[in-house]
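**Q** Top to bottom, those sequences are chains A and B.
Each residue of the first sequence is one higher than the one before, counting from 1 in this note's numbering.
Each residue of the second sequence is one higher than the one before, counting from 1 in this note's numbering.
In case anyone wonders, no lab produced these hints; they're calculated from the structure.
Just so we're clear, the structure is a prediction, and the values are computed from it rather than from any experiment.
Any given hint could be a false lead.
Partner residues aside, some chain B positions facing chain A, computed with beta carbon under 7 Å [stated by the list, open to error]:
1. Arg-57
2. Asn-71
3. Ala-80
4. Gly-104
In silico SDA-like pairs for lysine to any residue, Cα to Cα no more than 25 Å straight-line [claimed, not checked]:
5. B/Lys-100 x A/Arg-109
6. B/Lys-100 x A/Ile-49
7. A/Lys-70 x A/Ser-39
8. A/Lys-56 x B/Asp-97
9. A/Lys-56 x B/Ala-38
10. A/Lys-26 x B/Glu-53
11. A/Lys-69 x A/Thr-105
12. A/Lys-26 x B/Asn-30
13. B/Lys-100 x A/Glu-17
14. B/Lys-100 x A/His-57
15. B/Lys-100 x A/Arg-60
Just so it is clear, CB atoms sit at the ideal spot from N, CA and C, and this is done for glycine as well.
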Amino acid sequence: SQQGEEDPQALSIQEGENATMNCSYKTSINNLQWYRQNSGRGLVHLILIRSNEREKHSGRLRVTLDTSKKSSSLLITASRAADTASYFCATDINDYKLSFGAGTTVTVRA
Amino acid sequence: ETGVTQSPTHLIKTRGQQVTLRCSSQSGHNTVSWYQQALGQGPQFIFQYYREEENGRGNFPPRFSGLQFPNYSSELNVNALELDDSALYLCASSSSDGEKLFFGSGTQLSVL
């Protein structure tokens with residue numbers, strides 16, 4: 001079974017709008033990471049947030065973490081066509097591996 | 001570009017055959033992890049190698065095996081292929097702290 005679960009499974013937005021996706025997980029974590037995957041190819045690391053952090057920004061990305069609710073959110077502001085991809089959360093519970101969710105597929109319409 | 005390269009990019013095999021997938025890690029990285037990603041799913045951890053030793057294994061049968069070489073490149077071997085082994089196989093390298101993974105573009109394996 002997967003540690004993280006993303007919601008929604010799919011999201012379609014207009015260019016310029018914001019996209020928000022959520023991740024819930026089951027056990028205590030060391031950190032939580034978000035990755036992007038274009039067209040079923042390799043994953044690209046976007047951002048890492050540690051268990052003692054609540055919010056982090058990187059360019060147009062904003063990540064929040066609520067360890068009491070075991071959840072995280074990823075916000076992409078002012079979306080572009082190039083943001084069309086699948087987004088995965090991955091949890092690190094300090095046992096040598098990352099556990100990925102099933103992902104959110106984001107489509108940005110021109 | 002992450003600097004992690006995988007070969008081949010695509011592969012077609014028949015049930016029962018054996019396959020070897022290869023991965024060159026990013027310069028300076030001594031840890032390699034392999035993941036299997038079925039269509040529409042997230043990556044599932046197969047195993048990890050650190051300095052040529054297996055450092056952890058996911059819920060995969062023994063017919064999935066691996067190697068890491070002194071230059072930190074790695075191989076994934078799958079014996080007695082089954083139809084359900086059809087997936088994208090991803091290799092990821094990381095430094096000793098292992099926090100961030102740098103993925104290759106994957107090998108798409110089809111088992112007929």
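**Q** Taking the hints in turn, state whether each one holds.
**A** Right, here's what the structure says about each hint:
With 7 Å as the threshold, the beta carbon of B/Arg-57 stays out of range of chain A, its nearest partner Cβ sitting at about 9 Å, so the hint is violated. Interface restraint check for B/Asn-71: the shortest CB-CB distance to chain A comes to about 21 Å, outside 7 Å, so the restraint is violated. Annotation: interface hint on B/Ala-80 violated; nearest CB of chain A at approximately 25 Å, more than 7 Å. Interface hint status for B/Gly-104: upheld, as the beta-carbon distance to the closest one in chain A is roughly 5 Å, under 7 Å.
Taken as a hint, the B/Lys-100 and A/Arg-109 pair is broken in the structure, with Cα atoms around 30 Å apart against an allowance of 25 Å. For the hint pairing B/Lys-100 with A/Ile-49, the CA-to-CA distance comes to about 11 Å; that is within 25 Å, so the pair holds. For the hint pairing A/Lys-70 with A/Ser-39, the CA-to-CA distance comes to about 29 Å; that exceeds 25 Å, so the pair is violated. Distance check on the hinted pair: A/Lys-56 and B/Asp-97 sit about 20 Å apart at the alpha-carbon level, within 25 Å; holds.
As the CA atoms of A/Lys-56 and B/Ala-38 are separated by approximately 31 Å, the hinted pair breaks the 25 Å bound. A threshold of 25 Å between alpha carbons decides the hint, and for A/Lys-26 with B/Glu-53 the separation of about 29 Å lies outside it, so the pair is violated. Our distance criterion of 25 Å between C-alpha atoms is met by A/Lys-69 and A/Thr-105, whose separation comes to about 23 Å. Distance restraint check for A/Lys-26 and B/Asn-30: the Cα-Cα separation of roughly 30 Å exceeds the 25 Å cut-off, and the hinted pair is therefore not satisfied.
For the hint linking B/Lys-100 to A/Glu-17, the alpha-carbon distance of about 29 Å lies beyond 25 Å, and the restraint is violated. For the suggested pair B/Lys-100 and A/His-57, the alpha carbons sit about 17 Å apart, so the restraint of at most 25 Å is met. Between B/Lys-100 and A/Arg-60 the alpha-carbon distance is near 20 Å, which keeps this suggested pair within the 25 Å criterion.
Hints 1, 2, 3, 5, 7, 9, 10, 12, 13 from the earlier list are contradicted by this structure; the remaining hints agree with it.
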